[in-house]
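*Asks:* Protein chains in written order, with the numbering used here: chain A, 1 to 491; chain B, 492 to 982.
Among the clues, some could well be false.
Unchecked claim - With a straight-line cut-off of 30 Å between C-alpha atoms, the simulated DSBU-like cross-links for lysine-lysine are:
id : chain 1 : residue 1 : chain 2 : residue 2
1  : B       : K894      : B       : K975
2  : B       : K548      : B       : K975
3  : B       : K600      : A       : K372
4  : B       : K656      : A       : K372
5  : A       : K163      : A       : K107
6  : B       : K894      : B       : K548
To be verified - Stretch by stretch, here's where chain A covers chain B in the computed footprint (C-beta under 8 Å, at least three residues):
id : region
7  : 556-566
8  : 641-654
9  : 663-677
Stated by the list, open to error - Partial list, derived from the structure: chain B residues whose beta carbon lies under 8 Å from chain A:
id : residue
10 : S516
11 : V629
12 : E632
13 : A633
14 : L635
15 : I636
16 : F658
17 : L659
Just so you know, these hints were derived from the structure itself, not from any lab.
Note that the structure is predicted; figures quoted are calculated from it, not measured.
Heads up, the beta-carbon is just placed ideally off N, CA and C, and yes, glycines get one too.
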Amino acid sequence: MLNNFVMPDLYPAAPEIFLLCMACLILLVDLFLGDYQRWVTAMMAQIALVGCAAITWVTADTQVVLTFSNMFVDDLFADFLKLVVYVTVSVVLIYSRGYLQARNLDKGEFYLLVLFATLGMMVMISAAHLLTLYLGLELMSLCLYALVAIDRDSARATEAAMKYFVLGALASGLLLYGMSMVYGATGSLEIGGIAQALHQGAANKTVLVFGLVFLVAGVAFKLGVVPFHMWVPDVYHGAPTAVTLFISTAPKLAAFAMAMRLLVYGLFELAEQWQIMVMIMAVLSIAIGNLAAIAQTNIKRMLAYSGISHMGFLLLALMSGVVGQDRHFALNAYSSALYYAVAYVLMSLASFGTVLLLSRAGYEAENLEDFKGLNRRSPWFAAVMLTVMFSMAGIPFFVGFFAKFSVLLAAVDAGYVGIAVFAVLFSLVGAFYYLRVVKLMYFDPPADTAPIQATTDMRIVLSVNGIAVALFGLFPQAIMAFCTYALLRSL
Amino acid sequence: MSSHLLSLAIWVPIVGGIIVLALGSERRCAARWVSLAFAIAGFLVTIPLFTSFDAAKSGMQFVEMGSWIPRFNVNYFLGVDGISVLFVLLNAFITILVVLAGWEVIEDKVAQYMAAFLIMSGLMNGIFSALDAVLFYVFFEASLIPMYIIIGVWGGPNRVYAAFKFFLYTLLGSLLMLVALIYLFLESGGSFNILDWHVLRLEMGPQVLIFIAFLMSFAVKVPMWPVHTWLPDAHVEAPTGGSVVLAAIALKLGAYGFVRFSLPITPDASHYMAPFIITLSLIAVVYIGFVALVQADMKKLVAYSSISHMGFVTLGFFIFNQLGVEGALIQMLSHGFVSGAMFLCIGVMYDRVHSRQISDYGGVVNTMPKFAAFFLFFAMANSGLPATSGFVGEFMVALGAIKFNFWVGLTAATTLVLGAAYTLWMVKRVAFGAVANHHVAELTDINGREFLVLALLAIAVLAMGVYPFPFTDVMHASVDNLLKHVAVSKL
Chain A
1 MLNNFVMPDL YPAAPEIFLL CMACLILLVD LFLGDYQRWV TAMMAQIALV GCAAITWVTA
61 DTQVVLTFSN MFVDDLFADF LKLVVYVTVS VVLIYSRGYL QARNLDKGEF YLLVLFATLG
121 MMVMISAAHL LTLYLGLELM SLCLYALVAI DRDSARATEA AMKYFVLGAL ASGLLLYGMS
181 MVYGATGSLE IGGIAQALHQ GAANKTVLVF GLVFLVAGVA FKLGVVPFHM WVPDVYHGAP
241 TAVTLFISTA PKLAAFAMAM RLLVYGLFEL AEQWQIMVMI MAVLSIAIGN LAAIAQTNIK
301 RMLAYSGISH MGFLLLALMS GVVGQDRHFA LNAYSSALYY AVAYVLMSLA SFGTVLLLSR
361 AGYEAENLED FKGLNRRSPW FAAVMLTVMF SMAGIPFFVG FFAKFSVLLA AVDAGYVGIA
421 VFAVLFSLVG AFYYLRVVKL MYFDPPADTA PIQATTDMRI VLSVNGIAVA LFGLFPQAIM
481 AFCTYALLRS L
Chain B
492 MSSHLLSLAI WVPIVGGIIV LALGSERRCA ARWVSLAFAI AGFLVTIPLF TSFDAAKSGM
552 QFVEMGSWIP RFNVNYFLGV DGISVLFVLL NAFITILVVL AGWEVIEDKV AQYMAAFLIM
612 SGLMNGIFSA LDAVLFYVFF EASLIPMYII IGVWGGPNRV YAAFKFFLYT LLGSLLMLVA
672 LIYLFLESGG SFNILDWHVL RLEMGPQVLI FIAFLMSFAV KVPMWPVHTW LPDAHVEAPT
732 GGSVVLAAIA LKLGAYGFVR FSLPITPDAS HYMAPFIITL SLIAVVYIGF VALVQADMKK
792 LVAYSSISHM GFVTLGFFIF NQLGVEGALI QMLSHGFVSG AMFLCIGVMY DRVHSRQISD
852 YGGVVNTMPK FAAFFLFFAM ANSGLPATSG FVGEFMVALG AIKFNFWVGL TAATTLVLGA
912 AYTLWMVKRV AFGAVANHHV AELTDINGRE FLVLALLAIA VLAMGVYPFP FTDVMHASVD
972 NLLKHVAVSK L
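Next up, chain A with everything else stripped away, as it sits in the complex (with noise of 0.2 Å):
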């Protein structure tokens, strides 16, 4: 027996293997930290993330590697996406170290959590098989759900986890009865080689179809998008906002990924089904999204609807890839979606980033209020927020802008002009609310004058993401060329 074992080519991995070990010894050296020494847990997790940046940077290469018996590739898009999950989680453990502290939650717990997540995301993004990417999703959504609930004592949290919890079971469930039927109608698990089946007209259309909308109902759920969107603001708004942040950003770059690997790499044969599918979702998002967060008073929930209607853009660039059977307009609709969706992770982890600035030990800024007179208390936090929400809003020169403009002009050019309109009106509805919390800082006075607690390098790093989003929007090419040239290269 022993001798048919081969063994898989472990290079193409290698970040995965790295972050692998990198959590267990963490989990070990942890052990033996008091609570005073988390630094040394947290500063570990930093060096784990920043090796694996390193292996993927150095790894990445133009070729399109698969191994593990086909069951996982590395391709540019992978590194790409992976190198953005890296920037966000250390970004997010930057962020959320000082809201922890205060609440007594900076436990050895979260850290793994969020590496055992985010390796479970670089296993989505990296899977060529139906089984990987199963694997690697319930490693990311059961992290998750603990996270949510990392704060035992709060019914709240314990509550959103419960129903994040319960939710996501059915998502995977229905995740992978579609897979089952997939499998049965092509008789492959490779997402290549159910792409192969499907050109070469072997598969049952039926049976495929009915699994295909199971796979999109699971991706439109770990996407939060309308109509499976009902988790995302109890779960944003239950979570401490240091998981909010997390669960708010990367995530969906995996989920993305996710429906890429899918429906893209896939499915393409079906576009024409499952764009249908993507088009009605995205246009109930972004009208949903955008109208529901006009209601809200808590700045997390407001954020987690305006997530849902830029999960509806990102929906939009989506469709737009295939026209009856020209597919000549893919790599730009692909390519703008992939766009989108690291401007959103850039602009969300600032916003989240900024409702964690603000509270502080015993006290949550969690609603819109708490914004008051922001300008008079820090004229250059407000600045940066003022830039993330105009950025969210869609207004040059902000990073925002490019996304929509990017992901508008993909739908225009794929001939859906109608749903352009339908979606930049929706536009206008949301630039209200976001226009609401400029209007909080900068017209209110203050209701709040304590000064505002940060360490410095939290201080440093929002400046730099705010600055960033002004800059990506000022110089767009570099990004945007670079999706563009990830996806060629993989498709």
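Keeping the supplied structure of chain A fixed, place chain B upon it in accordance with the hints.
*Replies:* Chain B alone, transformed into the frame defined by chain A:
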């Protein structure tokens, strides 16, 4: 000829604004002087634009071209022709006055106030000199941000409502324009160059739709009846400087948009829609003139008078003859000086009495003779007295309109009566008669700074009224070219 004058005109004020912001809120005096220095520097760099402008050429001059976002073929493409060059100058000139006008009056967050105006000035210059549609749009939208802040932070009691109304109203229009721009990009085979679009062939159907999208954007900005309602609110609530910039520059953006986009890109639709636009313009001239007559608030009165005057401008554009278009452009410039001066005059009184109600004044001439002289002079200019700049534009447009159609001309000419009625009646009630109350009795006459600001404007108004040829000469070739272009069908 390659020069960086336009870049300087844009970026000197913006960089200046950022430097002023960096000074912080404590150093008020420094903020004022640095702002003044940058405003003057910003004006000085625009002077060569006028002196070395070749009036014989109809094409773009001082062209700058650089790649900005190659991914979408977006270029940093600047240039001015005889139509736009004067607005760059006007804008830079008004910025100096605005900085001076807010000198002592603004005591709260001086640095941010000055910075907002400087940044806006740079953005406005960008709008007037951008020849790339995305660049234009980016400047066009971005200029909303400082204005929103100006109205909301330093405005009157109802400032929040006014700021939101201003922002959302104008955003609605420009978002639809964005879709039109993207459509044109795709239609022209991947170019955002406005000059390319001028020669792009378009069917009638798309032309009309594009025209309407542009109309939505520019009509709000002008503002044309019936989408003018944001203007009185914004004007009344904005601080003096904000009103001046709104009236003098921001309103010109819409009218400029018609000349740069609507007329040359969709000439057939423009001809087709001309009766509609002319009707709206005439309603603005006559109906809004009557509305102005009954206003009790001086700022509101001048705001309505602005709408009425801008109706003249749109009328001038859509009668398609040399007199009409040139008259409209002269009217735009003149209105920039005159309405700016009117708002400054009202500001002078408001700073002393803190009321804008006409009924709170009376007999101002007794206590402020120098001021009353200026006030009367600008009121005369506002009502179109010969030998002031107000007369030249109105006369040319009325003449052009009579050439086009006698009844249109006659209706338009009623503005000469109405304008005189509402403006002079206001002056009579405010400035003349017996001293009305103890507030007026305690008034002190204008100081050196206010005198300087008003005198500069008075000279400009008089110079333009007596000898308008330098202005008309500059625009002659470009207007000629525009009209020739518009006369050729694109079908």
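*Asks:* It remains to establish, for every hint, whether it holds in the given structure.
*Replies:* Evaluated hints:
no.: 1; hint: B:K894 x B:K975; in the structure: holds, 18 Å
no.: 2; hint: B:K548 x B:K975; in the structure: holds, 14 Å
no.: 3; hint: B:K600 x A:K372; in the structure: holds, 16 Å
no.: 4; hint: B:K656 x A:K372; in the structure: holds, 20 Å
no.: 5; hint: A:K163 x A:K107; in the structure: holds, 24 Å
no.: 6; hint: B:K894 x B:K548; in the structure: holds, 27 Å
no.: 7; hint: 556-566; in the structure: holds (count 5)
no.: 8; hint: 641-654; in the structure: holds (count 5)
no.: 9; hint: 663-677; in the structure: holds (count 9)
no.: 10; hint: S516; in the structure: holds, 7 Å
no.: 11; hint: V629; in the structure: holds, 4 Å
no.: 12; hint: E632; in the structure: holds, 5 Å
no.: 13; hint: A633; in the structure: holds, 5 Å
no.: 14; hint: L635; in the structure: holds, 7 Å
no.: 15; hint: I636; in the structure: holds, 6 Å
no.: 16; hint: F658; in the structure: holds, 6 Å
no.: 17; hint: L659; in the structure: holds, 6 Å
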